[in-house]
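Each chain, letter by letter, is given below.
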Amino acid sequence: MNHDATILLFVLLWAIGILPITGAAALWYGRWAERRAAAAGQLGAVLACVVGFFVALAGLTRAVEGHIVLPWRTPAGELALGLDPLSSFFLLPLFLLCGLAAIYAGGYFKTWGGRNPGRFWFFYNALVASMALVILARNGVLFLVAWEIMSLASFFLVVMDDTASSREAGWIYLVATHLGAAFLIALFALLGRAEGSQDFATWRAGGAAGLLFTLALLGFGAKVGFFPLHVWLPEAHPAAPSPVSAVMSGVLIKTGIYGLVRMLLILGEVPAWGAWVLLGIGAVSGIPGILFALAQRDLKRLLAYSSGENMGIVALGLGLGLLGLHYQSPAVAALGFAGALLHVLNHALFKGLLFMGAGAVAQATGTRNMEQLGGLLKRMPLTGLAFFAGAAAICALPPLNGFVSEFLIFVASFQALLATGGVALGGLVVVVSLALIGGLALACFTKAFGVVFQGEPRTPAAAGATEAAASLTVPILLLAGLCLALGVGAVHVVRGLVPVVTQLAGTDAALLAATRVPAVLSGLFLVLIAGALAMAWVRRRLLAARSVRETVTWDCGYAAPAPSMQYTGASFVQPLTHGAQAILQAQSRQQDPVGIFPAAVSRTAEVPDVARRVFFDPLFRWVGAGLGWFRWVQEGRVHFYVLYIVVALLALLGWALWS
Amino acid sequence: MNAAAILHPLAALLLAPLLPGVINRVKARMAGREGPPLLQLYYDLWKLLRKGAVYSRTTTWVFRAGPRLNFVCLLVALLILPLGRVPAAVSFAGDLVLLAYLLGLARFATVAAALDTGSSFEGMGASREVQFALFTEPALLIGMAALAHASGDLSLTGIYADWPAALMPAMALLGSGFFILFLAENCRIPVDDPATHLELTMIHEVMVLDHGNVDYAFILWGSALKLWVVGALLVGLFPAAATGCPLLDLAVGFLWLVVLAILTGLVESVMARVRLLRVPQLLVGAGVLSTLGLLLTFW
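From first to last, the protein sequence lines are chains W and E.
Numbering of the first sequence is given in numbering that gives the first Met the number 0, commencing with residue 0 and proceeding in unit increments.
Numbering of the second sequence is given in numbering that gives the first Met the number 0, commencing with residue 0 and proceeding in unit increments.
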């Protein structure tokens with residue numbers, strides 16, 4: 000076993016090594032040979048991801064466990080890398096989605112025109128490499144270094160478009176991610192204090208599990224985008240180029256989930272209130288998350304808010320798992336953890352798909368405003384087909400993958416409800432939250448698909464759209480195929496989860512006992528698909544001998560229907576957003592019709608992020624005012640800054656010699 | 000799977016179109032009319048299956064696939080659904096979640112097909128459909144949780160295996176909650192009016208305004224099946240003992256469904272539609288009834 004792990008880790012290390020090298024090559028070529036730069040960067044990314052994906056798959060299916068330590072001269076730092084089912088599991092979606100996004104990015108930047116593609120590939124490859132290192136690291140210092148590279152690389156990717164709005168989004172992201180990192184540094188310092196080592200293996204909770212859990216929740220939660228730490232999600236994800244949005248939403252935020260789960264393993268026993276806090280976070284991230292998604296008109300902003308919602312679902316599963324452990328209910332624990340982990344993988348697939356689809360739409364039409372789109376299914380049939388599958392998958396509809404993970408969490412909560420006491424209350428919280436989230440997600444994604452892809456185009460830009468290039472549609476369709484495969488193949492997927500769940504829940508009995516269920520699910524899904532195909536055949540046979548004509552949509556006999564008379568996205572969700580005004584706090588201005596022949600009537604509604612408006616904006620204004628006192632330090636002359644650095648270094652040297 | 004197991008889905012497929020006939024007949028009698036024949040829906044289906052088609056130029060494959068996807072979802076739901084004391088053909092822990100999500104997929108297909116026409120009317124209906132689904136789904140799942148807790152089983156067949164007399168008050172609460180859900184899911188008065196011809200006030204009928212021919216036959220047949228599927232969840236709560244003979248159990252279950260249809264006809268005869276804005280309150284009421292039922296089972 001250990002031998003396997005060493006080999007796999009070295010292969011992974013080589014694959015990760017390709018990334019910065021080809022990234023640097025892309026940067027080098029970028030100035031004078033754009034094509035060569037793009038080729039070098041893309042080739043490196045795809046190659047590393049293919050190798051990495053198969054290594055991770057081998058690691059997971061064979062439940063490989065082991066680690067290697069390489070010399071690295073850093074105080075308290077070691078190049079300690081480890082592979083276990085948990086790491087292998089998180090590496091799978093990482094390499095899969097990053098590889099497909101790299102293929103997509105190749106086509107996406109063809110029309111980027113005049114800008115240096117080397118810069119993109121340098122930061123993209125650095126991002127992929129650092130995310131993989133975060134998941135493999137077994138040393139606190141190495142973890143933080145990789146974490147920081149990951150944050151910086153993604154910051155530079157967010158601001159790639161270099162517009163005023165993308166710069167603002169970038170700053171918000173940078174501040175949010177560093178506030179999170181500050182909590183992580185405190186967490187790691189506390190954990191390392193007992194043994195004086197940053198080696199994960201030596202870390203113990205040692206009586207302070209509650210404090211450590213809180214720090215982990217704040218630090219990793221900022222990256223995941225748990226409410227109310229989600230404020231950077233709806234800014235950074237839409238601002239980034241679409242392949243980057245796909246990677247950020249699909250895998251980058253999952254490194255936070257990974258960190259949280261890793262901490263759960265390290266801390267061992269988490270106090271019971273930890274489980275309740277996770278359930279609360281899940282409900283609070285999930286329901287307002289999808290409500291805000293519902294109210295958006297920017298397609299990518301909608302998807303970003305929905306990422307917060309899906310991370311809420313993951314938190315619900317994790318909370319239920321912890322609750323199961325606490326109340327000695329192994330079935331609840333195993334099913335809860337299994338559902339949460341599988342949802343991480345599933346969300347990577349369908350959210351990656353949806354972001355890439357949104358990117359293809361935005362490129363074809365030049366806008367992300369849904370109210371200006373429409374009728375794209377006829378103009379972009381492949382993108383539309385994949386988006387349809389993604390929308391159904393994210394609504395957790397059978398026979399797609401999203402259903403399987405939510406099914407597991409649902410069964411865990413029903414299992415909890417069979418008992419009495421605290422665990423049953425947890426089950427009830429999850430059932431109600433998931434049911435509400437499910438209903439809202441259905442509204443949100445029928446709106447997104449309906450307004451963007453169906454009906455008649457609302458603007459000439461939408462009417463003139465054409466299908467995206469193959470380099471864009473192929474990765475999207477592949478992801479759609481995977482969404483279907485992971486749903487219909489539920490039986491294999493759940494079997495693959497067993498080693499990871501065993502690591503977390505300490506038992507695989509419940510899952511193994513339930514293995515008949517995924518097999519039956521797979522069978523019923525096949526019946527569903529076969530039935531739909533059979534009925535298509537029946538319909539075709541029945542219509543074959545009849546006349547089939549085309550005309551306009553029934554319009555009550557109105558003589559001059561126009562595309563602008565269609566139901567808009569805002570009106571589609573109005574009953575729901577109106578009902579949730581207490582949470583959304585939409586701000587609207589309207590100009591009422593005046594007189595008998597009103598010339599102009601208008602209504603504008605904005606839904607600013609409530610957490611940002613109520614909490615973060617005032618907080619930062621207050622902090623900014625407080626820090627104004629130190630403005631004299633900012634002299635604006637380079638000499639003084641060099642002096643500051645020298646003084647700081649001397650002070651550090653003195654401190655090092657002293658102690 | 001044995002031959003008896005497939006009996007229930009087959010019976011549902013063939014007998015479901017009788018239920019709307021019963022409802023319409025009761026309504027007509029209450030209004031002092033003769034009313035359409037009991038088998039009217041069969042005649043309509045036969046007619047529609049042989050018709051040619053007229054499609055809107057705006058529509059795509061989504062519009063054509065919607066009705067049959069809706070129909071297939073209900074067929075698969077029948078495979079995991081017990082009727083009264085007749086066990087389902089397929090039963091597993093958590094099949095109640097699959098049932099809820101099959102209804103969700105059916106709804107997704109119908110809503111997507113409605114939006115495909117680009118018509119404001121159908122957009123309006125679709126918007127209302129997804130709004131009301133937000134309230135019915137939690138109510139249904141909470142009610143299911145109560146039944147699962149009472150029976151200690153996570154499969155529909157296990158839940159409905161026998162009738163626990165001791166849980167009478169809880170069953171009454173859950174039954175009333177489910178009856179509201181039954182009316183809402185099947186677009187009956189007081190939530191929706193299947194007989195109205197005012198597009199602005201309809202929900203389900205307006206979503207299928209542009210469908211004709213085979214597709215519309217699938218829709219009508221699907222609506223009848225949905226009466227059966229959601230009705231079966233309610234019929235399981237009615238008192239009936241397992242006789243051991245599957246045919247007899249099936250007959251008892253079907254009789255209860257007919258009783259349910261008569262009850263629906265009576266409700267439609269004596270009540271008016273509630274205002275659209277009031278519908279969520281009614282559905283939240285169903286959720287409250289389910290929650291109370293859940294609390295009682297925990298007592």
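No wet-lab data here; the hints were simulated from the structure.
Among the hints, erroneous ones may be present.
[Said to hold, decoys possible] Derived DEER-like restraints, expressed as beta-carbon distance ranges:
id : chain 1 : residue 1 : chain 2 : residue 2 : range
1  : W       : A610      : E       : P35       : 52 to 60 Å
2  : W       : M564      : E       : Q39       : 31 to 39 Å
3  : E       : A271      : W       : S601      : 55 to 63 Å
4  : W       : A544      : E       : L276      : 41 to 49 Å
5  : E       : P163      : W       : R548      : 20 to 28 Å
We put the beta carbon where it would ideally sit given N, CA and C, even for glycine.
Okay, the hints, checked on the actual structure:
| no. | hint | result |
| --- | --- | --- |
| 1 | A610/W to P35/E: 52 to 60 Å | holds (57 Å) |
| 2 | M564/W to Q39/E: 31 to 39 Å | holds (36 Å) |
| 3 | A271/E to S601/W: 55 to 63 Å | violated (37 Å) |
| 4 | A544/W to L276/E: 41 to 49 Å | holds (48 Å) |
| 5 | P163/E to R548/W: 20 to 28 Å | violated (57 Å) |
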